[in-house]
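There are 2 protein chains.
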Amino acid sequence: MSADSPRPRVGHPFEYFTPGRVFRAGPSAPIALDEIVAFGRAWDPQRFHVDPEGAKDSIYGGIIASGMHTMCIMFKLLELAGEFGDYFEGGLGADKIKWPHPVRPGDRLSVTMEVTGARVSRSRPDCGVVLSRVTTVNQDSVTVLTMESADLLRRKGD
Amino acid sequence: MSADSPRPRVGHPFEYFTPGRVFRAGPSAPIALDEIVAFGRAWDPQRFHVDPEGAKDSIYGGIIASGMHTMCIMFKLLELAGEFGDYFEGGLGADKIKWPHPVRPGDRLSVTMEVTGARVSRSRPDCGVVLSRVTTVNQDSVTVLTMESADLLRRKGD
Numbered sequence: 001m002s003a004d005s006p007r008p009r010v011g012h013p014f015e016y017f018t019p020g021r022v023f024r025a026g027p028s029a030p031i032a033l034d035e036i037v038a039f040g041r042a043w044d045p046q047r048f049h050v051d052p053e054g055a056k057d058s059i060y061g062g063i064i065a066s067g068m069h070t071m072c073i074m075f076k077l078l079e080l081a082g083e084f085g086d087y088f089e090g091g092l093g094a095d096k097i098k099w100p101h102p103v104r105p106g107d108r109l110s111v112t113m114e115v116t117g118a119r120v121s122r123s124r125p126d127c128g129v130v131l132s133r134v135t136t137v138n139q140d141s142v143t144v145l146t147m148e149s150a151d152l153l154r155r156k157g158d
Numbered sequence: 001m002s003a004d005s006p007r008p009r010v011g012h013p014f015e016y017f018t019p020g021r022v023f024r025a026g027p028s029a030p031i032a033l034d035e036i037v038a039f040g041r042a043w044d045p046q047r048f049h050v051d052p053e054g055a056k057d058s059i060y061g062g063i064i065a066s067g068m069h070t071m072c073i074m075f076k077l078l079e080l081a082g083e084f085g086d087y088f089e090g091g092l093g094a095d096k097i098k099w100p101h102p103v104r105p106g107d108r109l110s111v112t113m114e115v116t117g118a119r120v121s122r123s124r125p126d127c128g129v130v131l132s133r134v135t136t137v138n139q140d141s142v143t144v145l146t147m148e149s150a151d152l153l154r155r156k157g158d
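Sequences listed follow chains A and B, in order. Note that the first sequence covers residues 1 to 158 in this note's numbering. Note that the second sequence covers residues 1 to 158 in this note's numbering.
Bear in mind the hints are in silico, worked out from the structure with no lab data behind them. Any given hint might turn out to be false.
[Unchecked claim] Calculated pairs, DSBU-like style, for lysine-lysine (alpha carbon to alpha carbon, straight line, at most 35 angstroms):
(1) A/K96 with B/K156
(2) B/K98 with A/K76
(3) A/K156 with B/K98
(4) A/K56 with B/K156
(5) A/K156 with B/K156
[Claimed, not checked] A few chain B residues facing chain A, derived, Cβ under 7 angstroms:
(6) C72
(7) E89
(8) D140
Predicted model only: the values in this text are computed from it and were never measured. Quick reminder that beta carbons are idealized off the backbone N, C-alpha and C, glycines included.
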């Protein structure tokens with residue numbers, strides 16, 4: 001990619017994300033035990049994320065993924081789905097994050113994002129704020145992560 | 001560590017986390033550009049996390065850390081501080097997450113956690129739920145991440 005010939009923008013501008021629209025992403029590849037342990041060692045070294053023996057006496061009875069790991073997988077799946085694409089200018093905030101069920105080795109995650117609101121940004125009139133409800137489930141359709149998200153997107157033509 | 005001689009528990013039980021208590025963690029080492037890009041490539045491949053050239057035309061004017069990266073650094077600093085330690089049984093949820101200011105290469109982050117509430121768990125009477133307000137600032141005391149957290153901790157003697 002050279003400065004002379006920028007690639008065309010991918011994804012959708014703010015105006016596309018009208019309340020009620022639903023997007024799906026995933027499923028992920030099965031999450032490997034090694035991947036869970038590596039993430040835990042890097043960022044969240046609780047025994048039930050990094051130590052298969054130590055995890056047995058936790059309330060989970062075995063290794064589970066860090067909640068941060070689950071959130072990262074969710075973000076990655078949504079970005080790979082590409083709905084926001086190059087129009088995305090960043091997350092403003094997230095609310096009501098819950099991890100109602102553990103993520104265990106071998107799980108495959110899928111994500112559903114429903115637009116719940118949209119408004120032009122007051123501080124950045126070239127952008128809009130998209131509100132959404134994001135639900136992540138495992139291969140058995142059990143919900144493992146829910147959150148509400150507020151994201152900044154470029155407007156059409158900007 | 002053998003099954004015959006488990007190491008003693010570190011950290012503090014639920015009863016220690018009374019409302020009003022304040023804990024501090026950090027500062028982190030300076031966050032390297034390479035580290036920001038590596039995290040972005042793995043989990044949040046927006047141009048303003050992974051591409052120094054592409055980041056220039058974003059609203060940030062340059063590379064910034066993924067909000068997930070900032071959250072991970074916050075969790076790691078808190079875990080290294082060790083207040084919860086082995087009594088920690090997992091995060092239940094998080095609320096009101098805001099990233100009011102970008103994290104840029106070279107920033108050093110520090111965390112303050114204030115206990116705002118505590119109650120015995122209804123579903124797990126051997127545990128308690130600790131509510132807290134967590135604030136992460138950079139080296140200039142500018143707030144880069146705020147959240148409210150609900151965490152499950154073992155009770156004394158359990």
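Hints and how they fare:
1. A/K96 with B/K156: Within the cut-off at roughly 29 angstroms; holds.
2. B/K98 with A/K76: Status holds; Cα separation ~20 angstroms.
3. A/K156 with B/K98: This hinted pair holds, its Cα atoms lying about 26 angstroms apart.
4. A/K56 with B/K156: holds, 20 angstroms
5. A/K156 with B/K156: violated, 57 angstroms
6. C72: holds, 4 angstroms
7. E89: holds, 5 angstroms
8. D140: violated, 20 angstroms
In the structure shown, a violation is registered for the earlier hints numbered 5 and 8, in ascending order.
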